[in-house]
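> Spelled out, the chains give:
2 protein chains.
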Amino acid sequence: MPIRTGKGTISLPEGVYINSSAGVAGSKEKEGPLGKEFDIAFNNDKLGMDTWEKAESELQKAAVTAMLEKARLTAADIDVIFAGDLLNQCMSSTYGLRDFQIPLMCQFGACSTMAQTLAAAAVFVASGAAERAAAVTSSHFCTAERQFRMPIDYGGQRSPTAQWTVTGAGAALISRMPSPVRIESLTIGRINDLKVKDATNMGAAMAPAAADTLLRFLADTDTVPKSYDLILTGDLGKVGSDLFRELMLRHGADVSQVHNDCGLMIFDLEGQDVHSGGSGCGCSASVFCSHIMRRIEKGELKSVLFIATGALMSPTASQQGESIPSIAHLLHLSA
Amino acid sequence: MPIRTGKGTISLPEGVYINSSAGVAGSKEKEGPLGKEFDIAFNNDKLGMDTWEKAESELQKAAVTAMLEKARLTAADIDVIFAGDLLNQCMSSTYGLRDFQIPLMCQFGACSTMAQTLAAAAVFVASGAAERAAAVTSSHFCTAERQFRMPIDYGGQRSPTAQWTVTGAGAALISRMPSPVRIESLTIGRINDLKVKDATNMGAAMAPAAADTLLRFLADTDTVPKSYDLILTGDLGKVGSDLFRELMLRHGADVSQVHNDCGLMIFDLEGQDVHSGGSGCGCSASVFCSHIMRRIEKGELKSVLFIATGALMSPTASQQGESIPSIAHLLHLSA
Chain A
1 MPIRTGKGTI
11 SLPEGVYINS
21 SAGVAGSKEK
31 EGPLGKEFDI
41 AFNNDKLGMD
51 TWEKAESELQ
61 KAAVTAMLEK
71 ARLTAADIDV
81 IFAGDLLNQC
91 MSSTYGLRDF
101 QIPLMCQFGA
111 CSTMAQTLAA
121 AAVFVASGAA
131 ERAAAVTSSH
141 FCTAERQFRM
151 PIDYGGQRSP
161 TAQWTVTGAG
171 AALISRMPSP
181 VRIESLTIGR
191 INDLKVKDAT
201 NMGAAMAPAA
211 ADTLLRFLAD
221 TDTVPKSYDL
231 ILTGDLGKVG
241 SDLFRELMLR
251 HGADVSQVHN
261 DCGLMIFDLE
271 GQDVHSGGSG
281 CGCSASVFCS
291 HIMRRIEKGE
301 LKSVLFIATG
311 ALMSPTASQQ
321 GESIPSIAHL
331 LHLSA
Chain B
1 MPIRTGKGTI
11 SLPEGVYINS
21 SAGVAGSKEK
31 EGPLGKEFDI
41 AFNNDKLGMD
51 TWEKAESELQ
61 KAAVTAMLEK
71 ARLTAADIDV
81 IFAGDLLNQC
91 MSSTYGLRDF
101 QIPLMCQFGA
111 CSTMAQTLAA
121 AAVFVASGAA
131 ERAAAVTSSH
141 FCTAERQFRM
151 PIDYGGQRSP
161 TAQWTVTGAG
171 AALISRMPSP
181 VRIESLTIGR
191 INDLKVKDAT
201 NMGAAMAPAA
211 ADTLLRFLAD
221 TDTVPKSYDL
231 ILTGDLGKVG
241 SDLFRELMLR
251 HGADVSQVHN
261 DCGLMIFDLE
271 GQDVHSGGSG
281 CGCSASVFCS
291 HIMRRIEKGE
301 LKSVLFIATG
311 ALMSPTASQQ
321 GESIPSIAHL
331 LHLSA
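Protein sequence lines, in the order shown, are assigned to chains A and B.
Residues in the first sequence are numbered consecutively from 1, following this note's numbering.
Residues in the second sequence are numbered consecutively from 1, following this note's numbering.
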């Protein structure tokens, strides 16, 4: 049974594991530093579909299919799937997962969704409500840009703080069956809003949420950053990562030796013209479900904090003068 | 600990209860048959705000505040809140709940969201991951119409199958502390898509999902419709309710004596010019969290199935020629 402690960290003493995972990505990600790590990397970001949105649905379908194949399971073996994406009405998830016929609970946490879906799946499995639960999220550069900012055809100049939405998806399978990757505990995030209003500076909006969740977790577990091999944020990018490290330092916790960010890892910031780095829920999903999972499985990483951050921004709210609330959910994984 | 059975029904043998709830609604709902049942009914649907979206956020805030007051608790007493709405990026939830600082997991299930948030909260509480969890959803006629169909200023003629999105919200508090309303079990829905493409006929799109979930539940529990005092669907409206009853009959289950629908209850279909009835996640949320909860608390209803249905439609998907996938989640409540 899960146990709640202190400021809300939920520990899973009886053992909940990630049994299989798959990360898929698009062509630009394939050319990046982690290009060879993805289970599937597509050369054409339309994936043979006639719209970008349908292509993003295919990313989720591909990630779930690959994850199931690696686990030698079929969709009928999954009791519930937690899914989400950045698009309006979670359409990549609903259309991408429609044919699997798995009981579905769509989650919205913007770019924090991979951690949110994993957290929900872990609690359902720990409680016995599900024997096997899955988590999947995606994003696509072309769908996100036209929904949140400008259609890419417009060719607008990108600001230096802007991040590049990753075309990718990640899926993971959670059960009580022991595997090399265990979910030790998790912390559900709460909204932080430091009144950032710039929709091209997500990192700044999200950094306080990452710090808030990590500080709550460290207090609950009575640990320090160097207790972990890696503290991995989702997609703070360069601007957000700098702010996050500074915020943590101000609270007396130096994360600089153990911190990395999926948005900094997935692209070559100098060579790939992505300004502040990668973003989107497909960023942390594809990096975590391939590269990071593999490193934990191999024992290269023994204790990892995965903190996916989300800017809960809405174009409608931005047009109405609102700031961007942010959130971050944390999972502690061990080898 | 929750126990899974058969086709996925999750029973909660150790007792999970709804300790407090509040339903709030707008002016048209106040004039309807349940007008006196709501905890708060606003005379002005803008709630003093300068935009409809901000007004909808206020509905969620009002519902949560009223629910907390009735339970004599503060926001700090709630371990996690599951929230959702129909708007893009769940903005009514994120902005409406921002100030409470409760750990938040946004859910998206379109009009099924009240059942989805209750289900997630029930499993978190049953597992021990949360001592007290809350569930809240909302909808608003003016925000939904302009997002999904036409701005109301346009004055377009409504089709006979169209439903009227309810301006309202509902919030509920779930814990292990015994109360008159117990959550016995729940069934998570899966996507049904019978290829309905008409965005003004949600009832037809959602009826198969309601039937699918109910049939799974009846099989798992070896019960029949008349085992229950009330089988309450969310917002199938008149067209969808007729289809739902017919679909159930075809599967040998006659629900006609025990079925009602929040979308049929909240408005006077003849007198209030709402065509096929009410809809929106605020419809089942406001009706369930006020009128229905009160009837169970009083013992007038002893065994209720609450099946909220959601049309997972996206204007973008509709523009791309897609059909409307639907889903329905079920909770079994007892006095």
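No lab work stands behind these hints: they were computed from the structure.
Treat the hints with caution; some may be incorrect.
[Claimed, not checked] Pairs of lysine-lysine residues, derived as DSSO-like cross-links and limited to a Cα-Cα distance of at most 30 Å, are as follows:
no.: 1; chain 1: B; residue 1: Lys70; chain 2: B; residue 2: Lys298
no.: 2; chain 1: A; residue 1: Lys7; chain 2: B; residue 2: Lys238
no.: 3; chain 1: A; residue 1: Lys54; chain 2: B; residue 2: Lys195
no.: 4; chain 1: B; residue 1: Lys30; chain 2: B; residue 2: Lys195
no.: 5; chain 1: B; residue 1: Lys46; chain 2: A; residue 2: Lys195
[What the hints assert, rightly or not] Just the calculated beta-carbon pair ranges, DEER-fashion:
no.: 6; chain 1: A; residue 1: Ser318; chain 2: B; residue 2: Lys195; range: 34 to 40 Å
no.: 7; chain 1: A; residue 1: Gln319; chain 2: B; residue 2: Arg158; range: 41 to 47 Å
no.: 8; chain 1: A; residue 1: Lys298; chain 2: B; residue 2: Ala75; range: 23 to 29 Å
no.: 9; chain 1: A; residue 1: Gly156; chain 2: B; residue 2: Asp50; range: 34 to 40 Å
no.: 10; chain 1: B; residue 1: Met1; chain 2: A; residue 2: Ser179; range: 19 to 25 Å
This structure is a prediction, so every number in the text was calculated from the model and none was measured.
For glycine and all other residues, C-beta sits at the position ideal for the given N, C-alpha and C.
> None of the hints should be skipped; say for each whether it holds.
Here's how the hints hold up against the structure:
Under the criterion of a C-alpha separation no larger than 30 Å, the hint pairing Lys70/B with Lys298/B is consistent with the structure, at around 16 Å. Proposed proximity of Lys7/A and Lys238/B is contradicted: the alpha carbons are some 47 Å apart, above 30 Å. Restraint check for Lys54/A and Lys195/B: satisfied, since their Cα atoms lie roughly 16 Å apart, inside the 30 Å limit. Distance hint between Lys30/B and Lys195/B is unfulfilled; the C-alpha atoms sit about 35 Å from each other, more than 30 Å.
Using a Cα cut-off of 30 Å, the hinted pair Lys46/B and Lys195/A holds, with the two alpha carbons roughly 24 Å apart. A C-beta distance of roughly 35 Å is found between Ser318/A and Lys195/B, which places it inside the suggested range of 34 to 40 Å. The supplied range of 41 to 47 Å is broken by Gln319/A and Arg158/B, whose beta-carbon atoms lie about 27 Å from each other. In this structure the supplied range 23 to 29 Å is violated for Lys298/A paired with Ala75/B, their Cβ-Cβ distance being about 43 Å.
Separated by about 29 Å at the C-beta atoms, Gly156/A and Asp50/B break the suggested range of 34 to 40 Å. Checked against the hint of 19 to 25 Å, the C-beta distance between Met1/B and Ser179/A comes to roughly 22 Å, which is consistent with it.
Consistency note: the structure conflicts with the earlier hints numbered 2, 4, 7, 8, 9.
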